Amino acid sequence: MRRVWLVLAALVATTGLALGAAVWFGVPLDGGPLRQIPLGQPVSVTLPERGAMFWVTTEGGHVSCDVVGAQPERGLSMLGLPDQSLSVRADGRTWHAAMLLTASPPGDYLLTCTSNETALAAAEAPLVRDLSTRAVALLAAAVLTVAGLAAAAIVALRRGVSGRGWPSALPEAARDSSPDQPR
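Going by our numbering, the sequence shown opens with residue 1, and the numbers climb by one from there.
One or more hints might be untrue.
Stated by the list, open to error - Okay, the calculated beta carbon distance ranges per label pair:
| hint | residue 1 | residue 2 | range |
| --- | --- | --- | --- |
| 1 | VAL4 | SER44 | 49 to 55 Å |
| 2 | VAL68 | GLY92 | 50 to 56 Å |
| 3 | PRO106 | LEU8 | 33 to 39 Å |
| 4 | PRO106 | LEU149 | 36 to 42 Å |
| 5 | ALA156 | ASP91 | 46 to 52 Å |
| 6 | VAL68 | ASN116 | 18 to 24 Å |
| 7 | SER104 | GLY80 | 14 to 20 Å |
Read the hints as simulated data drawn from the structure, not as lab findings.
Nothing here was measured: the structure is a model prediction, and the numbers come from that model.
C-beta: ideal position from N, C-alpha, C; glycine also.
All chains should be built: construct the whole structure from the sequences, respecting the hints.
In structure tokens:
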């Protein structure tokens, strides 16, 4: 039974370390590959359920998009991202998150996008989108890692105590009354 607890503790600690590494090193966590978007020209863009993230090459850049043709039934929502700490490297450049675009219903839309930038790219929105979400994810990763390591240490220490018996400094009566000791 203790081996099961050690394996579970190791899984929890490993999950925490993997999550922490992914968030710390700026992995966009499932954002997908960037696709460059021509500025001022109609282009078909897939807006999935969680939206598309638009990326620019200069931190602080702004993007605006208009739907060409059929409008979404319930609307298009553009959320400018004032906190552009989320960035990725692709095509030899650093791209900074500039806007999250969602549509209801999700699907393919013909968009014309403008920007104060010279380059624009889009990809499915990543799960981690801003500094506060990153901080919470790092805190959760740290808690998972510490909890896993603490659980492993507790299981290992209990195993060591029960395997060796009580320390010899205890009186004989205390050692004999231990519930962990075989009788």
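A quick look at each hint next to the structure:
1. With their beta carbons about 51 Å apart, VAL4 and SER44 fall inside the hinted range of 49 to 55 Å.
2. At roughly 30 Å, the beta carbons of VAL68 and GLY92 sit outside the given window of 50 to 56 Å.
3. One distance hint, 33 to 39 Å for the beta-carbon pair PRO106 and LEU8, holds here, with the actual separation near 37 Å.
4. Our hint of 36 to 42 Å for PRO106 and LEU149 holds, since their Cβ atoms are close to 41 Å apart.
5. At roughly 48 Å, the beta carbons of ALA156 and ASP91 sit within the given window of 46 to 52 Å.
6. Against the hinted window of 18 to 24 Å, the Cβ-Cβ separation of VAL68 and ASN116 comes to about 21 Å, which satisfies the hint.
7. In this structure the supplied range 14 to 20 Å holds for SER104 paired with GLY80, their Cβ-Cβ distance being about 19 Å.
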